[in-house]
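Asks: The residues making up each chain are set out below.
2 protein chains.
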Amino acid sequence: MKKLINKTEDVVTESLAGVAAAHADLVKVFYDPNFVVRADAPVMGKVGVVSGGGSGHEPMHGGFVGMGMLDAACPGDVFTSPTPDQMEAATKAVDGGAGVLHIVKNYTGDIMNFEMAAELCQAEGIDVASVVIDDDVAVQDSLYTAGRRGVGTTVLAEKICGAGAEKRYDLQKVADLCRKVNANGRSMGMALTSCTVPAAGKPTFDIGDDEMEIGIGIHGEPGRERMALKPAKEIVAMMAEAIITDLPFKNGDNVIAMVNGMGGTPLIELYLVYNELEQICQGKGITIARRLVGNYITSLEMAGTSITLVKADGELLELWDAPVHTPGLRWGV
Amino acid sequence: MKKLINKTEDVVTESLAGVAAAHADLVKVFYDPNFVVRADAPVMGKVGVVSGGGSGHEPMHGGFVGMGMLDAACPGDVFTSPTPDQMEAATKAVDGGAGVLHIVKNYTGDIMNFEMAAELCQAEGIDVASVVIDDDVAVQDSLYTAGRRGVGTTVLAEKICGAGAEKRYDLQKVADLCRKVNANGRSMGMALTSCTVPAAGKPTFDIGDDEMEIGIGIHGEPGRERMALKPAKEIVAMMAEAIITDLPFKNGDNVIAMVNGMGGTPLIELYLVYNELEQICQGKGITIARRLVGNYITSLEMAGTSITLVKADGELLELWDAPVHTPGLRWGV
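Protein sequences, first through last, are from chains A and B.
Under the numbering used here, the residue at position 227 of the first sequence is numbered 227, and the numbers go up by one with no gaps.
Under the numbering used here, the residue at position 241 of the second sequence is numbered 241, and the numbers go up by one with no gaps.
Certain hints may be false.
With a cut-off of at most 25 Å between alpha-carbon atoms, the simulated DMTMM-like pairs for lysine to aspartate or glutamate come out as follows [to be verified]:
id	chain 1	residue 1	chain 2	residue 2
1	A	Lys7	B	Glu211
2	A	Lys7	B	Asp209
3	B	Lys233	A	Asp313
4	A	Lys92	A	Asp141
5	A	Lys2	B	Glu234
6	A	Lys202	A	Asp25
7	B	Lys92	B	Asp77
Pairwise CB distance ranges, derived in the manner of DEER restraints [claimed, not checked]:
id	chain 1	residue 1	chain 2	residue 2	range
8	B	Arg168	A	Ala289	47 to 55 Å
9	B	Pro222	A	Lys7	28 to 36 Å
10	A	Lys7	B	Glu315	26 to 34 Å
11	A	Gln282	B	Thr108	40 to 48 Å
12	B	Glu119	A	Tyr31	52 to 60 Å
13	A	Arg224	B	Asp321	45 to 53 Å
14	A	Asp210	B	Asp25	51 to 59 Å
If you're looking for bench data, these hints aren't it; they were derived computationally from the structure.
The C-beta atom is built at its ideal place from N, Cα and C for all residues, glycine as well.
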């Protein structure tokens with residue numbers, strides 16, 4: 001295992017310490033239980049937006065804490081759900097009296113623990129709403145999931161809900177917004193290589209030198225098909241077809257697109273993938289009105305990419321364009 | 001070779017097409033010869049800032065074109081110097097009557113071709129100044145370089161010189177600023193794995209499963225020492241020691257720091273590296289006043305990191321903080 005780490009059991013806390021040192025103007029990091037909150041939390045009168053999940057997907061979620069996006073993030077161990085006490089502490093830390101939204105990716109452990117934390121907080125008088133993201137079109141059930149997995153749409157939902165909360169939407173409205181983003185978002189991923197969880201010390205799965213996995217999950221869960229490596233044009237066409245026909249996205253739609261790197265794929269390839277996606281969308285009359293190209297929801301050092309499309313009306317585009325200031329996403333400020 | 005590409009000979013142009021499609025509000029891309037210019041070029045009365053080099057280091061340089069940073073970038077083939085006609089065309093495209101600065105990384109081919117382009121432009125009445133960046137403390141001469149290689153300080157020089165140009169510093173003053181950043185900047189890199197140039201189809205160098213290369217160049221050029229993999233704390237200490245003693249950086253200095261990923265290293269590790277660097281600097285009374293943590297000057301999918309420190313007075317910090325709006329770096333707007 002080749003990693004820039006010290007002891008495997010310290011990876012998450014030492015990386016969080018780096019985030020705290022690098023971004024003290026934006027975030028505060030608490031330990032035991034671990035969570036990251038925006039430096040000015042709680043913002044009184046504003047809905048708090050909280051997410052979390054296993055570590056190893058950085059910048060998601062800790063890198064999205066700050067003005068206009070998340071109020072707090074709960075990082076679990078690598079590829080392991082955070083515990084209810086993390087979510088409870090984070091929720092209390094960001095409650096500004098207007099309630100707190102939990103944005104939960106659809107993994108069994110995440111769902112169960114966020115539910116438990118929500119109940120604990122509600123028992124103490126904090127209004128909590130939860131929305132589950134399940135946007136991955138690849139497979140119906142998966143290794144850690146009943147139903148579809150939650151993947152790239154989570155990033156866009158965090159940005160858009162954060163913007164809604166900044167505009168002082170109430171809890172019901174921020175939760176509805178999150179459901180709207182999820183209902184309009186679809187994703188699919190693929191991998192060229194596996195990744196290695198530090199505590200495991202060996203690759204999560206084996207894959208041949210001439211093979212790729214289409215429909216991979218962000219923890220290396222099996223996808224739709226193991227097949228021979230193909231040119232980018234064919235790979236993107238397969239993924240885009242699966243995504244576009246699922247919603248379906250239609251001629252005349254505006255979308256926010258994300259071409260996401262899994263962690264080990266260089267930017268020169270991600271822009272090449274974006275070029276293919278742009279051509280496919282243009283051919284179908286789908287306008288990419290906004291986009292992200294880069295590493296946003298990763299799987300450690302896995303090589304591969306995922307594509308997310310969210311059909312966006314004027315409200316979603318306006319909230320997308322609103323200022324955001326986090327370690328991982330910043331504009332307008 | 002596992003890459004998200006089509007034909008190897010089309011990687012650079014297809015990736016540039018992706019940049020053009022994704023960032024039409026910021027940049028225009030020209031082909032044959034290939035160069036990227038800011039969308040509003042030329043900016044009349046402003047010094048144009050141009051850089052370039054081989055592709056495969058993205059986001060450098062094309063991702064740094066835009067307001068407050070570069071006016072143009074010339075991408076060569078992967079790990080291959082751009083040709084004089086690219087630099088000549090880019091220089092002409094961004095000349096707003098106040099002259100053009102060429103920021104050149106110290107590689108023999110880059111130097112020679114930028115010199116030729118400068119002469120061609122000067123013959124047509126464009127005032128051109130050139131500054132060479134040679135900040136890599138690892139080795140004195142290298143595979144493609146006489147003297148020290150130009151690496152991470154280039155990114156910081158592009159940001160700071162771009163800000164100076166926006167403030168309408170004249171050509172002499174922007175060139176002096178670039179020399180000041182280079183004189184105060186030092187870098188060193190290391191690799192855990194090699195990378196594969198698409199046209200070559202096989203790894204640039206071999207490295208054992210338990211080995212790392214300290215002092216690596218951004219094209220996989222040999223560094224100071226091949227040694228057994230060590231904990232991050234020891235790796236960062238070795239690199240920081242080499243950098244800090246070289247300038248030397250001293251108790252009381254303010255620095256801009258960059259912890260850069262080589263392309264295949266996940267962010268969770270880069271923040272862990274940053275945490276080690278922060279502790280070392282604190283221990284020596286060096287204040288990291290500003291920082292970047294992420295992939296800024298990469299070597300395709302190489303796993304590894306580089307550290308750059310630039311000693312920064314009030315002028316450099318003020319220019320660092322000035323607004324920038326490029327595909328790869330954005331704040332204040």
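Asks: For each hint, tell me whether it holds in the structure or not.
Replies: Here is how each hint holds up against the structure:
| no. | hint | result |
| --- | --- | --- |
| 1 | A:Lys7 x B:Glu211 | holds (18 Å) |
| 2 | A:Lys7 x B:Asp209 | holds (18 Å) |
| 3 | B:Lys233 x A:Asp313 | violated (48 Å) |
| 4 | A:Lys92 x A:Asp141 | violated (33 Å) |
| 5 | A:Lys2 x B:Glu234 | holds (15 Å) |
| 6 | A:Lys202 x A:Asp25 | violated (37 Å) |
| 7 | B:Lys92 x B:Asp77 | holds (21 Å) |
| 8 | B:Arg168 x A:Ala289: 47 to 55 Å | violated (35 Å) |
| 9 | B:Pro222 x A:Lys7: 28 to 36 Å | holds (30 Å) |
| 10 | A:Lys7 x B:Glu315: 26 to 34 Å | violated (42 Å) |
| 11 | A:Gln282 x B:Thr108: 40 to 48 Å | holds (42 Å) |
| 12 | B:Glu119 x A:Tyr31: 52 to 60 Å | holds (59 Å) |
| 13 | A:Arg224 x B:Asp321: 45 to 53 Å | holds (47 Å) |
| 14 | A:Asp210 x B:Asp25: 51 to 59 Å | violated (39 Å) |
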